[in-house]
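So you can see what is in the structure, the chains are spelled out below.
There are 2 protein chains.
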Amino acid sequence: LLSLVIADAALETVPRSIVKHPSVTRDAARKDMHAEHMLLDRSYHHAAMLKLKDASRRGRPDLVHFALLEATSTPLYVKNMLRVYVHTITDSVIIIHENVRLPKSYFRFEGVMEELFKSKNVQFDGKMLMELKGISFPDLIGRIKPELVVGLSRLGVKSSAEEVARIAGNDSLLVVGGFPRGHFSPAVSREIDHMHSINEQSLEAHVVIARILYECEKVLEKK
Amino acid sequence: LLSLVIADAALETVPRSIVKHPSVTRDAARKDMHAEHMLLDRSYHHAAMLKLKDASRRGRPDLVHFALLEATSTPLYVKNMLRVYVHTITDSVIIIHENVRLPKSYFRFEGVMEELFKSKNVQFDGKMLMELKGISFPDLIGRIKPELVVGLSRLGVKSSAEEVARIAGNDSLLVVGGFPRGHFSPAVSREIDHMHSINEQSLEAHVVIARILYECEKVLEKK
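Taken in sequence, the protein lines are chains A and B.
The first sequence begins at 1 in the numbering used here and counts up by one.
The second sequence begins at 1 in the numbering used here and counts up by one.
The reader is advised that the hints may include incorrect statements.
[Unchecked claim] Below, simulated DSSO-like cross-link-like pairs (lysine-lysine); rule was C-alpha separation at most 27 Å, straight line:
1) A:K133 - A:K158
2) B:K145 - B:K133
3) B:K31 - B:K20
4) A:K20 - B:K145
5) A:K222 - B:K31
6) A:K158 - A:K79
7) A:K158 - A:K53
8) B:K53 - B:K158
9) A:K20 - A:K51
10) A:K158 - A:K120
11) A:K218 - B:K158
12) B:K79 - B:K218
13) B:K53 - B:K79
14) B:K133 - B:K120
15) B:K31 - A:K158
16) B:K218 - B:K145
17) B:K53 - A:K31
18) A:K222 - B:K145
19) A:K158 - B:K20
20) B:K53 - B:K20
21) A:K222 - B:K133
22) A:K158 - A:K118
23) B:K20 - A:K31
24) A:K20 - A:K158
25) A:K79 - B:K20
26) A:K31 - A:K53
27) B:K20 - A:K218
28) B:K222 - A:K218
29) A:K158 - B:K145
30) A:K31 - A:K79
31) B:K79 - B:K31
To be clear, the hints were calculated from the coordinates, so they are not data collected in a lab.
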């Protein structure tokens, strides 16, 4: 089975070290929530985030929302021919189960993700939709055991998305970065067997996902 | 030049007939805004929308956000080889100018759109980013004067996205629906020269946009 991991994704709850910052407490009061249960979001917590390590790569749940929606809207996912995971920058892994319809409304998506970080899973009608595990990227690879780990990055070998899809075949794991700028973390990079770049200029994560899954779909349908 | 219109899009401000409904006034109080300046949003105004005509096709700014971001994140748009428009269900047209970077954060997108509906344009540093015109779909076609109007709809002739891109060529206008279900309005349908369906099952608007623009890019780059 084909798998996709959105890696080093800028999705996490507000870190303990900044829960008392005014830009965070103000947002918590507005939402009537405990600060540590809210998603870290640069749109609201910019001032507080200046203190964080790797701040430029964190707090972009909007970007992860687009990337995940792109993946789960594809015929491959809908037909259970694709498994989808999010690996976060703080080394958690979200397992998206089959037939999950993620909300397009950001407000609802935020609610689902906050529930996931709090309860470690989201169920509906007794069916598991998503799970959160405290495992690293290498641990995730160890569980999936793909034949090949294919990374998409501007640092990779120039290749068309068609070429990458042909190389990937059926049992690969595709890795796309879930951060606004920069490159994969060393722990992620080390696991990648082939690194490809499918465009001259850098592309948004959701565009890379749309293109590579579309080309994989064409390859898998011909079989 | 290639053009894309997101047509009959579920994007509008709260209609006058429901500004006094409790689900609307509550939301207006929370946002500290005049109700008629807010975007109509099913996530918040569901109860009020039951009274509206065509309610099932309205109030989905999240869906239009995804579709627009998909279009403006493509290399074709970034290289000024694609013009992007939104035609709304209430017969307004949004002209997206060149080099506009739409916010991925829904909260910011909502703010920009509310500003657009209020002021009829959005500028930055003296540069026009977006305009809102009170014109119909046929009027828009009359202004763009495309060689061919190509609609994407499940009711169309079964064709691959590659085939549609080859037919479309350089001076066509592509039309994708910006509504959650159903088909183009009669006024839009009448203007479409060729109607194509690029998938057996229905696809989200943003997926159709990603695929057709990617295939058009391949055709245009070969020239």
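Evaluation of the provided hints:
no., hint, in the structure
1, A:K133 - A:K158, "violated, 34 Å"
2, B:K145 - B:K133, "holds, 17 Å"
3, B:K31 - B:K20, "holds, 15 Å"
4, A:K20 - B:K145, "violated, 57 Å"
5, A:K222 - B:K31, "violated, 51 Å"
6, A:K158 - A:K79, "violated, 30 Å"
7, A:K158 - A:K53, "violated, 32 Å"
8, B:K53 - B:K158, "violated, 32 Å"
9, A:K20 - A:K51, "holds, 12 Å"
10, A:K158 - A:K120, "violated, 39 Å"
11, A:K218 - B:K158, "holds, 16 Å"
12, B:K79 - B:K218, "holds, 14 Å"
13, B:K53 - B:K79, "violated, 40 Å"
14, B:K133 - B:K120, "holds, 7 Å"
15, B:K31 - A:K158, "violated, 47 Å"
16, B:K218 - B:K145, "holds, 24 Å"
17, B:K53 - A:K31, "violated, 33 Å"
18, A:K222 - B:K145, "violated, 38 Å"
19, A:K158 - B:K20, "violated, 57 Å"
20, B:K53 - B:K20, "holds, 17 Å"
21, A:K222 - B:K133, "violated, 46 Å"
22, A:K158 - A:K118, "violated, 41 Å"
23, B:K20 - A:K31, "holds, 24 Å"
24, A:K20 - A:K158, "violated, 46 Å"
25, A:K79 - B:K20, "violated, 44 Å"
26, A:K31 - A:K53, "holds, 26 Å"
27, B:K20 - A:K218, "violated, 51 Å"
28, B:K222 - A:K218, "holds, 20 Å"
29, A:K158 - B:K145, "violated, 38 Å"
30, A:K31 - A:K79, "violated, 37 Å"
31, B:K79 - B:K31, "violated, 37 Å"
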